[in-house]
Structures are given as structure tokens and as C-alpha cells.
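Chemist: As a plain string of letters, each chain reads:
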Amino acid sequence: MTAIRRVLFNLFAWTVVLAVAFPLFWMIVTSVKPQSELFRRPPTFLPETVTFEHYWTLLTRTGFLDYFRNSVILSVATTLTVVAIATLGAYSLVRFRYRGRESLAFLVLFTYLLPSVVLIIPLYLMLVTLGVSNTIFSLVIAYTTFALPYALWLLRSFMAGIPEDLESAALVDGASRMGAFRDIILPQLLPGIISTALFTFILSWNEYLYALVLVNSDAARPLTTGVMSMLISAFNIEWSLLMAASVMMSVPLIVAFAFLQSYLTSGFGAGGVKG
Amino acid sequence: MSLTRSSSGGITRRGALKGLAATSALAALPIGARAQSATTLRWWSPQAAPAQLEAYQAQIASFEALHPGIKVVFEKTSDEGYAPQLAAAFASGDVPDVVTHLPSFSVQTYYANGLIEPFDEVIEAIGVDNYYPGANEVFRTPDGKHCATGIGNSAANALWVRRDLMADAGIGKIPETWDELRAACQAMQKGGIFGAPLPYGRNGMTSLIFIGFIHQAGGQVFTPDLQIALDSEATRNALEFYRSMRELCPPGATNYSWGESLTAFVSGATATGIYTGRVLVNVRDQNPGLADQITCATYPRIATDVAPWTFNDFASVFIPAQSKNKDAAKLFAAYIFDPPGYIKQLHAAPGHVLPVLRTIGENPAYLDNDIIRKYSAEVELMSAAAAGGYNLGYESAAHQSNAKAGEIIAAHPIADMVQRVVLNGDSMDAAIGDAVKAIDAIMKA
Amino acid sequence: MAAPRQTALERQYSLLGLMLIAPTVLVFCAVIVYPLVSAIYLSLFSVFTPTLQGGWVGLENYRSLLGSGEFWVSLRNNLVWTAGTLALQVLFGVGMALVLHQNLWFRSLARSLILFPYFVSTVVAVLVWKWVFNDLYGILNHVMMAAGIIDWPVDYLGTMPNAMISIILVGAWKYFPFVVIAVLARLQTIPEPLYEAARIDGAGPVARFFDITLPQLREVLVVIVLLRAIWDFKEFDLIYLMTGGGPVIATQTLPLLVYKEAFALNRMGMAAAYAVVMMAIMLVFMVLYIRRTRERRP
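Read top to bottom, the protein sequences are chains X, H and P.
Each number in my numbering comes from the position in the first sequence (counting from 1) with 21 added on.
Each number in my numbering comes from the position in the second sequence (counting from 1) with 371 added on.
Each number in my numbering comes from the position in the third sequence (counting from 1) with 5 added on.
If you're looking for bench data, these hints aren't it; they were derived computationally from the structure.
A couple of the hints might just be wrong.
If you want the footprint, here are the derived chain X segments under chain H, 3+ residues with CB under 8 Å [said to hold, decoys possible]:
(1) 56-63
(2) 146-160
(3) 237-243
Label pairs and their calculated CB-CB ranges [as the list claims (entries may be wrong)]:
(4) X:Phe-278 / H:Lys-808: 49 to 55 Å
(5) P:Leu-31 / X:Pro-212: 24 to 30 Å
(6) P:Met-150 / X:Pro-212: 48 to 54 Å
(7) P:Asp-156 / H:Ala-769: 48 to 54 Å
(8) X:Phe-46 / H:Ile-564: 25 to 31 Å
(9) P:Met-150 / X:Ile-275: 30 to 36 Å
Idealized CB from N, CA, C, for every residue including glycine.
Please construct the entire structure, taking both the sequences and the accompanying hints into account.
Modeler: Next up, the structure:
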């Protein structure tokens, strides 16, 4: 490739990349514009005055922090539950033999693809009957329906990638199965577990439908439905506030991106598209 | 299907579900995960602008000081979202204890399904004589009780205009007929400003506002004995006019509901507006440059011989029947009307929610407000219009109360009809015919 | 796996295996299998949502569903949306993967930026796009007017065919990074000598793409298409939040219809029937995908 072609190619590629990223740039820009500048026509590309008042309003005068706390509790609880169950389950599915194992693997895959809208009505009725609807706990149960198959499928694939000889050697040396699991498998599976945990966390963090149907109280409402309810108000639409909320809501993601990106990409491969 | 009675003899649906759940492994999970203090009241309202929230918090604080055993938690819902939220809440039995600012027709629908506690005790506690005469008529139920009381009136379809733009366009008087309104909007639509922010979305606002247009054309959705009367010349005229206004509304009006429509006028993007008195406080806060230019009138109609028709949602206060703290809820519901707190609440959006208590409307403390003083003519006009206002549950004084109105609004057949005619260019006959069918199905369900 | 000889140890192991899988099976039965079965059971009832009262109607829900125009319209919308957004995702995703496979300046930054839409919450994506699409203050209308492409703001979400095109585009924007990453991973495993050989034979870049890259990607693309078809078909959040199914029902897909029946029209049994039918349709894709995966993992 000659130098000029190389420059042209880079220019082209970066134009496309920036176009894709433009909505995110626009979100940040809007969030620091004062309300008066927002109603300006034509709009200003870069803010003439930079203000953080919307962030301040968001944190002090709305329920944002409560929603944020709920989202954190909810996503962490879901992730811990699901990853714990799925690690054991994946170990069993990959390294043990018993009747029904194949059918179970098939069931996992099937539920991995199942639309949540099919489960939502009976799940809703079930949680109502149990008297746990409208709590963070009920959302953890509901999120398990999509997070557990997902985590199992991911971990199953990571587990299959761990060579068996080390484990066999440990068994020959007299280690118990669980001992070998703890000392040999777990350390090797750790990157896979982190990757799975990240994906599960992000899935739970971003979930909307179950939160919409199962929770109607601010005490349990997560960010997705909480922020959306700021938009549908009859008295005002404050775009800059909504954009500030969007930025704040993406903070955990940005953190994950900054420090854990390789885990995110490796999870992709395991998610069913790896050759 | 009878909704209020549980099916006689046979197993009820809920029972069957319980049985199903009991056999599931989940039945073993801890049920007490949601341990709530016995006297926490949940208060829902779609009216939750920041200033209103502050007023509510003040009311809650003074109520809690008076009743140390009771805590009140406010939770907002929304005009377009309360129907599915409450449906889910009623189904789960985990309901709010006090709900305010929902339109009367929805409340009647819930009452007819046995979901609401009769409200007469609270009305007694507030004081029957303190109300304007007839203020609670709209909440009277077929069994002779009241399902709720009014927390405020509103003239939701007031016509808002800008004097500066009218003067620029050489328009001498505020439009009274549709033709005048259209001509005025055409004259004022220039330089990036649109004529009107009429809603064309598939939502409650479009249904509610368009019902107003049907009446402003001399028509009605139901006859007084609740036969569907939608298929009429008046509906066709209203659709025709509404269609002709499309080019005078912002492009995005196809998704407008209350918030978008209001913001379009307040930000100066449209020359006229259609909203309650909330316009006043929003203009003061967000676009004070317009404060001296705006005024309002009742919305124009097809001809001056048709009486104006103001849409008043008769914002309510009610208590769900499944509330576990009914006595505390009743105490609090009555306390909402305690003058200092209630006035603060009304002042959070002056002219938006208009008092239903005569004793408040005449109270010097209520009248002592910058906006109410500055716009006294507008507030008076809206008060009078709202007091004589109607809605789908109560289309005229002669109409029987329509217990299905809430479901009709929630299912959007009227907004669908508007969208099909205006946006899709479907034939009016087909669109009206399908709307009649959909409404009929709801009435018969 | 080295099969243990002793049957006692074997039995002990399979017991341990069962114990390890037990929590999974329990949770699966409770929150997936049981709701799935009761969804089918529920679809035979007529249930009024707020009171949960109702009665047995047998197959009546299914009969009225298949006879209603709304079901077929929603199904058609669902197929249009799935096909449209999927096609764009694949086209754009493969293209982007080829670009990112090259030696780009700041490649890892570019990759992060491309990946972000996929991980960002749908709620955030929808809010941002609604703001970009805004009729009065939206940047897109402004840019297009300034460029002279349009002289009047466009209504992107409220009229047809704009609304469908808009959600398809936003869907493509949100989900194409999935294709990028999957394809990129495969690209990196194509042996370089294949390209060398082609180059010696005088094949240009285009010929190399069609003769080498595409055949090598075939396998992974089939899997991607099936997987994304399933996920796009069941998409709820994005469409519900962007257009709510409007104008009228022009962008209403089956998942939105299920939600509407259950919580706006208060007909839970009917909603369950729609959900069951939707699942039946999706089973076609699922079976294809599962068979595909099984072939490759004997």
C-alpha cells in the first residue's frame, strides 16, 4: 500500500467510525448545553457555554441515584447467582457423563434463544401469586430466565476449551473431583468467568421489558425504566437532562470498556459464533 | 363476561393459578422478601413536575409530623403510562394506597371493576359544603356512592396564542371558528414557526383532544344512553379539519403527546398551543421572553352556533380497594386538601390545576400569587370553562356515566382512527367503521 | 475424557455430575419450563388483567387471533423489520470487519468506538436517536436542511415508510458490532498463504475477497445470520421505545402486540396465545440454528 492510499484509507475508515460514534458524541455534547441553547435553531455543534447543571439536577432533584442503586444491586445479585449456578452446571455438562446430559445441553441452547415475551406473562402471574412482585428480588428471578442460559452457554464453551490432561493428572495423584475443580479448573476458567460475569452484568443492566412489567414502585425500579419515565412526562421534556442521564447510565460500561475490553471480545466468540 | 362477580361455582382463574404456582419449585422461596412497614402509604400521581414534587413533599412532611406512625412515599406515574402500570398493580395486588390526578373516566372504569374503595367518608371529612356545587357529580357511581373526589379542574384544551405573532400577521381577534383558526395558523406559519402543535400520535392525548373536536363539530362519541354515535357527519367534519391542520403542525406532531405539544408552544416553535394553564409557569421558567405575549381562549369550533366544549379530565383522588392501609390512606387523602398544603400544591403550577373547593378558590392566600394575579383574566376564563367541562366518561350533563371510557382511551381506537385518516390517507368510512367496531367490542366485553 | 474403569467410581462421578447440574435444573424448571407450560395453558383462557378473573375458552383465542388482521399485519412487520435490519447488520458488519482487519491508525480505539453501540443500553440508544431525529431541534434535520437535501424537517418516526426505515437503521446501528467482532475473529484465522497464492495468480483485492475471504467466512456467517435473525425477531425494547408500534400499527411487531394485549387491552389469555404463536414461528429458526451448532460440535 502506498503512503497516499494508506492515508486515504485511514481517512475513509475513520470517517465511518466517527459517523457510527456520532450519536454518542452528540449525547455528551447535549448533556452540557444549557436549556436555552438547546432550543436554538439551527442547533450549535459545540456548546457555547458548558454547564454541568443538568448533572447536578439529575443527582439532586430526580430519583436517578435510587434507580442507579437499584440497578447496581439488581445486576450484581443476578450476576453472582447466575455465574455461580452456571459454573457448576457447565462443569457438569462438559466433564461428566450421565443420562439426559445431551437433552439438558439442548434445553440450555433452546432457552438461550427463547423470547422473553413468551415467559413474561406466566412469570408475572407466578411472581404475583408468590407475593414477591414489585421487588428487586422478583427482577433477579426474572433476569435469571435469560441470564442463566446465556451464562451456561458461554461457560460451557469456555470449559470445553480447557485441556483435560491437567485435571486427569490431578485425579491420578489422588485429588477428588471437586478438589481438582477448585485447584485446576477454576484458575484456568477464571478469564471465562470474568467474561461471562461482564456479559451477564451488562445484560441485566440494560434489561427493560421485565422491569417495565414487574416493577411499579420507585423503591425497586432500575435505571432503564426509571430514566425512560423521565421522558414521558406531560409537563416538560428536558433533553439535556435525559442526555445527562444517558451518559451517567453508561458509566459502568465505559469503565468495563476501559479496563476489561479483552474479556468482552472473548465472550463474543464463546457466545455461539466461534468456529 | 361479568368482571365484578367471580365466576359462580367454577374455580376462579386466580385460584387455578395459585394451584399451579403451589406445585412449582419456586413456592419454596422466601415470600417475606418484601417486608414493608405496615403503615407506609404509597402515593401515585402523573402530575410530578419538580415544583409540584416539592409541594407534595412539604405536605407529606407535615402529615407525617401529625401522624408519627405513618410514612408516605410519593411515586410518579405518567399520563400515557398509568393505565398499564395500574393494570399490573391491580393484578398483582401490590397497589398504591392513594392515587391522585387521574381522570374521572378512568376512575369510574376501575370502580366498575370493583378495584376502588368508595370515597364518601373522605368527602365528608373534607367537607361537602366546601366544594363548588356539583363538583363531585362526575364521581357519582351507579350504586349511589362516590368513587373519588376531584383534586382539581383543568381546561386541557384551551387555545393558547401569541399576541406578537398575531399582530405581525395582522390578525385582530383570537380565532373562534375552525376556519379562522386555520387561516390564522397559515398566516403565522413562517420563519421556522409552525401554526399549531396538535397531537397526531397514537396515544391518550390524541384521543382526548380529538373527542373535543368531535364535540366542537356538534357531534358526540356516545348518545346519552351510551349508544355509539361516532359515525356521524360531525366526526367526518372534525377529521376533515384535523387533516387540514396537519401541514400547519410540526413534522413530529405524529408522535406528540402532552409534553411535546406543550414544549413546542412554550419554546416558541408554534404560534398557537393547546394545553392547560401549565403554559403560564413553563413560559415563566423556560422562555420568559414570551410572558407578556401569551393569552388563551376556549378552543375554536366549527361554527359559532356550536357551543365551546372544554375537555376537563376532572383530576381525582381515589383509594384502591386492595390497599392494606385504607384508614391511613383516607386520613391522608383528606389531608391533601388541608388549605396551606393544598394551596402550595396548586401554586406549583398556577392556573394548571384549578381548585375544586370554593373555600380555596376564594381564599386570599390562594389568590396571592404572581401568576394568578398577572393572568387573572386567563385563569378566570379557564376556571369557568373547566367547571363547565366534560370528558369521555361524562360527555354532557345528560349523559349516563360511561364506565368503559377509561378502557376506550387506553386502547386508542380514536387515536387510531385519526392516524389512519390523517397519516395513512385511509377512507373515513373505513376508519370510522373500525373505530366503532373496536369501541363496541370494549363496550360489550 | 478418559473414562474411569471402575464402575463404582463411574457411578460416583455421575452422581456428582447430577448434583452439580441440580441447581441449574431446579432453576430452569421453576423459571423457564413451568412458565412456558403455563403460557400455553393460559392461552386457553380469557383473563381480564386487572382482576385476573376469567374463564376457559379453549382454542377460541387462537381462532380469533388467526382471523384478526392485526396478527398478520404484525407478523408482516416483524418479518420486514427482521429482514431489513439483519441485511444491513451483515452488510455493514462484514464491511467494517474488513476495514478493522487492516492496519488502521489507532485500531483499538476504533474498535472500542464501533463496539460501543452494541453494549450501550437500548434505552440510552433510543433516547439519543430520538433526540437526533427530533423534528424541531434535531441535528439530523438541521444538517440535511443545511446541505440542501431537504427544505422542510422530515418526520422520521411518525409516518410510513420513514418509521420503519428509521427503526431498521437504528437496529442496524445498535447490533452490527456483533457481526463485526464475530467476523473479525474469523478473518484473523484465515491463513495468509492463501492470499499470497492468489496474489501470485494475479487476483485483485475484489477477486481475493470473493475467492478466498467470502468462502472462508461462509460458515460463520450462516451462524451469525441465524442467531441474529432469532434475536432481531424477538426485539421488543428498541421498537417499543422508538415508535411504540406506530403510526397506527405500521411498526407493531409480535412482541409489541403481546405486550399491548396483556397490559393495554387487558386480555392476558389472548396475549399468551400471541406469545405461543410467536414462539412457534421462531422455532423454525431455532431448530435450524440448533442443528447447525450440533453438526459442528459432535
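Chemist: Could you run down the list of hints and mark each one as holding or not?
Modeler: Outcome of the hint check:
{"no.": "1", "hint": "56-63", "in the structure": "holds (count 3)"}
{"no.": "2", "hint": "146-160", "in the structure": "holds (count 12)"}
{"no.": "3", "hint": "237-243", "in the structure": "holds (count 4)"}
{"no.": "4", "hint": "X:Phe-278 / H:Lys-808: 49 to 55 Å", "in the structure": "52 Å, holds"}
{"no.": "5", "hint": "P:Leu-31 / X:Pro-212: 24 to 30 Å", "in the structure": "28 Å, holds"}
{"no.": "6", "hint": "P:Met-150 / X:Pro-212: 48 to 54 Å", "in the structure": "50 Å, holds"}
{"no.": "7", "hint": "P:Asp-156 / H:Ala-769: 48 to 54 Å", "in the structure": "51 Å, holds"}
{"no.": "8", "hint": "X:Phe-46 / H:Ile-564: 25 to 31 Å", "in the structure": "30 Å, holds"}
{"no.": "9", "hint": "P:Met-150 / X:Ile-275: 30 to 36 Å", "in the structure": "33 Å, holds"}
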